[in-house]
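Engineer: Since the structure of chain F is already known, use the hints to place chain V on it.
Heads up: the protein sequence lines correspond to chains F and V, in order. Heads up: the first sequence begins at 1 in the working numbering, then just goes up one per residue. Heads up: the second sequence begins at 558 in the working numbering, then just goes up one per residue.
Simulated from the structure, these hints should not be mistaken for laboratory data. Just so we're clear, the structure is a prediction, and the values are computed from it rather than from any experiment. We put the CB at the ideal spot given by N, CA and C, even for glycine. Treat the hints loosely; a few may be bogus.
[Claimed, not checked] Label pairs and their calculated CB-CB ranges:
id : chain 1 : residue 1 : chain 2 : residue 2 : range
1  : F       : Glu265    : V       : Ala604    : 37 to 45 Å
2  : V       : Thr579    : F       : Thr32     : 35 to 43 Å
3  : F       : Ala294    : V       : Arg622    : 50 to 58 Å
4  : F       : Arg242    : V       : Ser595    : 27 to 35 Å
5  : F       : Gln273    : V       : Ser595    : 24 to 32 Å
6  : V       : Gly690    : F       : Arg242    : 31 to 39 Å
7  : V       : Glu618    : F       : Leu526    : 52 to 60 Å
8  : F       : Arg191    : V       : Arg622    : 42 to 50 Å
9  : F       : Asp81     : V       : Asp573    : 54 to 62 Å
10 : F       : Asn245    : V       : Ala604    : 42 to 50 Å
11 : V       : Arg622    : F       : Asn245    : 26 to 34 Å
[To be verified] Just so you have them, the derived chain V footprint on chain F, three or more residues with Cβ under 8 Å:
id : stretch
12 : 11–22
13 : 237–243
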Amino acid sequence: MYRYDEFDHKLVAERARQFRRQVKRRLSGELTEDQFKPLRLMNGLYMQLHAYMLRVNVPYGSLSSRQLRKFAHIARTYDRDFGHFTTRQNIQFNWIKLEEVPDILEELAEVEVTAIQSSGNCVRNITSDHYAGRARDELADPRVYCELLRQYTILNPDFSYLPRKFKIALTGSPRDRAAVALHDIGLRMHRNEAGEIGFEVLVGGGQGRTPFIAHTIRDWLAPEHLLSYVESILRVYNMYGRRDNMHKARIKIIVNQMGIDRYRELVEADWEQIKDSVLKVPQAEVDRINAYFAPPEYECLADIPDELNDVRARIPEFDQWMAANVAEHRVPGYSIVNLSLKAPGLPPGDMTADTMDAVADLADRYSLDEIRVNHRQNLSFVDVRQRDLFTLWKELKLLDLATPNIQSVSDIICCPGLDYCNLANSRSIPVAQDLSRHFVDVDHLALVGDFTINISGCMNACGHHHVGNIGILGVNKRGKEYFQLTLGGSSDENAALGDRLGRALPQGQVPAAVETIVDTYLAIRLDGERFLDTYRRVGIEPFREAVYSPVQARAVA
Amino acid sequence: MALLKNNEMIDDPFVDATGQETIPADGPVLVDLHQWQSHREQLTQRADPVGVRLRSDQPPELIARDLESLALVALEFPVFRDGRAYSYARLLRGQYRFDGEIRAVGDVLLEQLHFMERTGFDAFELQSDDPLGDLQVASADFDVWYQPAADGRLSAMQLRHQSD
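Looking at chain F on its own, in the form it has when it is part of the complex:
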């Protein structure tokens, strides 16, 4: 993992001190709430329905056990004993007192974690593939470029008052686990004909009330130009992005209004001026950062499929977990283990302080001290010896983190909704809880296979409903909460936005509707088809008919 040097430490300490002053000026009335708001947001502090919420960054999803223990301590000391992992590799603490925030930021700085720019109209936490450095299909570890971008965007004087928030994601694998096409800038690693690594640059993706899949603005960018090219994209956005209407202020709107070709022209013209400036990344800096991401010293082991198969044959529950939650590692004898934060009936992404401590201990024992946070609100241990899998599974079961449901119907992404959020117009968490209680039969989960359900409590789409295979959006009709379903969304390398299924349903009917969709899929799928494949083959009609016809029939009766 990246470790701070003297510069990083100093800057973060200075930032925490600066925010202490800003809080003091706010408390004394020198700053109005209007003046204070962007300052607190750029330090991760939101005003929610009942209290302040502090959003803390886990840069590109890499977390050490020491950092996780600090989160546990923050949850225990300053909050109500729990935290919430979000879809952008952040953790949120929900019950925070303004006057304690400077102390919290100083405590976080001790373990090289910040809340800087986790919110506000600036460049947010840089996110990446949670399997970075470990995935078999990866071209190169994207985290070195994430770190370059993290530093470049932190307290950037040009781009701290953008028209709206700005999100950047990177992947080094062709299999996109970072949803890069749904970001303001997405960077997808490719090899050119000369065999060199570079980035395809995407721009203008995003969700919210006007979702767009990003356009490719450049097919291949040499890594040394990463910062200058991002600067040019940001400068054009800062100058020409709309500021007259906050709902039209994201880069996706201006890119689609002027057209990607015009946007590209402006960016390339600006970039010509700066591409060979001091922004060019020296190889020495790439090497310096890369050293922190050097693979750990793995033991020389072999894969042990036979031994594992013996155990799997004896213990079906372990077998189900292996099939659903364990992924291939690039090094023989090792596996990636996903910890499900989606046990039946629990709010997706929530974790208690005690569990955080326990997970940190397990990471020390079984995963070389490292934990990854992913955009589906789960955690991963990325360096587990295969011979430890059975023991680890038993430990995770005790913590309720071994539900074998990764990337299945009950692995639901869900925003905090009206239980916490002052933008929401519906309670999304109870819908997720209902669904996860509905789909508890693990054999059935395995039968259904690869599936995503994403729930947002309002059109701002924090729960990524547009890109769920089933998307569920809370809407408010005459003071009552209804849920609008979409089908066919996907956030991977073939990203797609979901299509509206039909009129919104009352909360009570959502589980049955989802079950009907799943059953319809099971009835019509061809061999080896995922839900998404079937959907792309047959379209929405069979599902629409299945969900609405019986309901209409009942309504008439």
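Structural biologist: Same frame as chain F, but now just chain V:
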């Protein structure tokens, strides 16, 4: 109005004629873009310095070919959240190599001062009872910077590899 420039409070030598029907015949004067475009001929003939004030929806390319005739470009922050002028200042100092005064006007507050200075502003109409005190506070905030900007301070990356 008192003006903060080069770490001092000075009396603004420029007469603000923006939005006025007539422009004073002599002396340093600040005009708006419309005035500049309508009276460019006369204004460039003047012996005394001329400045142009740009609204935040008026990018500096509108005066790019006039910069040699200008001693001052005033960039407006209609509200402190409107960050366009940071990019305008960067372009003026960088791509256009403007070395005259770049002045921040409008909703200019202590907490934004540091970023303004980094992007190339060197004069500020600061909304404050104690501009010098504010400047001192803002200047003391940081002495590490992660990116190169218009102020010439070395970034952490540059410092790390200075001896390479």
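Engineer: None of the hints should be skipped; say for each whether it holds.
Structural biologist: Here's how the hints hold up against the structure:
Against the hinted window of 37 to 45 Å, the Cβ-Cβ separation of F/Glu265 and V/Ala604 comes to about 41 Å, which satisfies the hint. The hinted window of 35 to 43 Å between V/Thr579 and F/Thr32 holds, with their beta carbons roughly 38 Å apart. Between F/Ala294 and V/Arg622 the Cβ separation comes to about 52 Å, which falls inside the hinted range of 50 to 58 Å. Distance hint check: the CB atoms of F/Arg242 and V/Ser595 are about 29 Å apart, consistent with the given range 27 to 35 Å.
Hint check: F/Gln273 to V/Ser595, Cβ distance near 30 Å, so the stated range 24 to 32 Å holds. V/Gly690 and F/Arg242 have their C-beta atoms about 37 Å apart, which keeps the hinted 31 to 39 Å range intact. For the pair V/Glu618 and F/Leu526, the beta carbons lie near 57 Å from each other, so the given range of 52 to 60 Å is met. Separated by about 44 Å at the C-beta atoms, F/Arg191 and V/Arg622 satisfy the suggested range of 42 to 50 Å.
The supplied range of 54 to 62 Å is met by F/Asp81 and V/Asp573, whose beta-carbon atoms lie about 58 Å from each other. For the hinted restraint 42 to 50 Å between F/Asn245 and V/Ala604, the CB-CB distance of approximately 46 Å keeps it satisfied. Remark: the range hint 26 to 34 Å for V/Arg622 to F/Asn245 is upheld by a beta-carbon distance near 33 Å. Here's how the stretch 11–22 of chain F fares: 7 of its residues keep a CB closer than 8 Å to some CB of chain V, so the rule of at least three is met and the hint holds.
Using a Cβ-Cβ cut-off of 8 Å, 3 residues of the stretch 237–243 of chain F lie near chain V, which meets the minimum of three, so the contact claim holds.
Checked against the numbered hints given earlier, the structure satisfies every one of them.
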